[in-house]
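Chain residues, written in single-letter form:
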Amino acid sequence: MERIPILKMGDCLLVTIQVEMHDRIAMALQDDLTDKISKLGVRGVLIDISALEIVDSFIGRMLANIASMARVLDANVVVTGMQPAVAITLVELGLSLAGVRTALNVERGMALLRAMNPSLVEDLDDVDELDDVER
Amino acid sequence: MSSVDLIEIRVSEDVVRVRHRTRELAVQAGMSLIDQTKLVTAASELARNTLEYGGGGTARFERPVSGLKKGVRITFEDSGPGIADVAQAMQDGFTSGSGMGLGLPGAKRLVNEFDIQSKPGQGTRVTITRWK
Numbered sequence: 001m002e003r004i005p006i007l008k009m010g011d012c013l014l015v016t017i018q019v020e021m022h023d024r025i026a027m028a029l030q031d032d033l034t035d036k037i038s039k040l041g042v043r044g045v046l047i048d049i050s051a052l053e054i055v056d057s058f059i060g061r062m063l064a065n066i067a068s069m070a071r072v073l074d075a076n077v078v079v080t081g082m083q084p085a086v087a088i089t090l091v092e093l094g095l096s097l098a099g100v101r102t103a104l105n106v107e108r109g110m111a112l113l114r115a116m117n118p119s120l121v122e123d124l125d126d127v128d129e130l131d132d133v134e135r
Numbered sequence: 001m002s003s004v005d006l007i008e009i010r011v012s013e014d015v016v017r018v019r020h021r022t023r024e025l026a027v028q029a030g031m032s033l034i035d036q037t038k039l040v041t042a043a044s045e046l047a048r049n050t051l052e053y054g055g056g057g058t059a060r061f062e063r064p065v066s067g068l069k070k071g072v073r074i075t076f077e078d079s080g081p082g083i084a085d086v087a088q089a090m091q092d093g094f095t096s097g098s099g100m101g102l103g104l105p106g107a108k109r110l111v112n113e114f115d116i117q118s119k120p121g122q123g124t125r126v127t128i129t130r131w132k
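As given, the protein sequences belong to chains L and W, one line each in that order.
Here the first sequence is numbered in the numbering used here, starting from 1 and rising by one per residue.
Here the second sequence is numbered in the numbering used here, starting from 1 and rising by one per residue.
Since the hints were made in silico from the structure, they are not lab data.
Note that the structure is a prediction, hence the values are computed from the model and not measured.
One or more of the hints may lead you astray.
Said to hold, decoys possible - If you want the footprint, here are the derived chain L segments under chain W, 3+ residues with CB under 8 Å:
id : segment
1  : 22-34
2  : 54-61
3  : 92-99
Note that beta-carbon positions come from the ideal geometry of N, C-alpha and C, so glycine has one too.
Isolated chain W, as found in the complex (with noise of 0.2 Å):
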């Protein structure tokens, strides 16, 4: 069971948008300070990707539940360029060729669950799931 709720991203002002959403539903959700931060710069990190590289798109939100267990998870889509090698994207120190790297490894780290489609001329969506 869990409720639904989408934020356009299309300019720098709602990766900031998606960053408060994000931190509302962790502390919701009853993480720590610690796994709200960690969740929120995961969010920050994918929802610039999704502006820089994908052109825009949405950032889903939704309220997992698994037991006694809840969390939060966010789902990122666009439908860019792509990547070509999404193996190479989520090394470490892989750079995009304006040399500044898609930060996929890092944002990984900072959750439990990170799901990448993505294939090139047809977009990418990224879900990442952190639970308390």
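Just chain L, same shape as in the assembly (with noise of 0.2 Å):
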């Protein structure tokens, strides 16, 4: 099946949305990420949206899943690049994504990270597709 690369960054794993999300993808993303987060101890996390033409209440729903099982697992998760108009509906729809830190782009979110854990992203080289090393 079709799946989501996350990349690791140091002490952060680093995910871009660019695939049309359906809900299989989006399951399949959220069971990635807490394995991930869990067997590589990382302590954050970012969710670079900016390609998604909506987020609709599944697909917000699974974003608010992923940040709650990072805190349980002792990382933090920030969301970026959300569109204006995907923003103006989401509020609209009536979810507020409660508990997701978000940031306006990329630069943003990572330096919100290394804010929230100052030992985050040392070594900005050492970029693995975990997806290639580990399978």
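Once you've looked at the hints, go ahead and assemble the two chains, each given alone in its own frame, into the complex.
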């Protein structure tokens, strides 16, 4: 099945969602991320959704779930790059994404993660695609 | 005057197909990006309901015209278990047995017209329209 790649960058995981999110891909991402957080002991996760044209209640709930699960596993999650039209729609739909930290773009998201945990991302060159390395 | 087309909703990829078709028609009707996004999001919610709660069904697309106004109308139909208390399901915060809301009030806020017909054992039909 199609999966969203998860990159490791220092003490962080980096996910950019570039594919159309149908529900099974969203569920797989949730499982893969919690698995990697626990296995690798990372302290931060950045999820970039700038390519997502909509966030409906299912995708919103998935983002909130990932944030809660990560918190239990002692990691912080930041969601970055939400398009303005998506943000407006999300609020009207009645989803507040409670408990999900957001930032305008990847750069600010990284700064936020670093501020939350100063030991993060010391070696920016250390980027591995986990799917290639581990599987 | 309006042309009609239909998408069958059987698997989660079909929900994505409904989103794409909705986007196409919203663009053709000349809607702004925000209006497109609202309509596509509402369609996504209702297509998922058709799949998850209705056990699959159809989405029928129309392009209604009223005077100078162009719009997009989508009708979601399933022959699933139906909704016992529609008024209750239309309230914010109502959740189904699995603990997930049906998202009906949210979807209603994203469109201009919203109609729901449902009876236990006879399935559910939801029609939404958004005008440019």
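Which hint numbers doesn't this structure obey?
Of the numbered hints, all hold.
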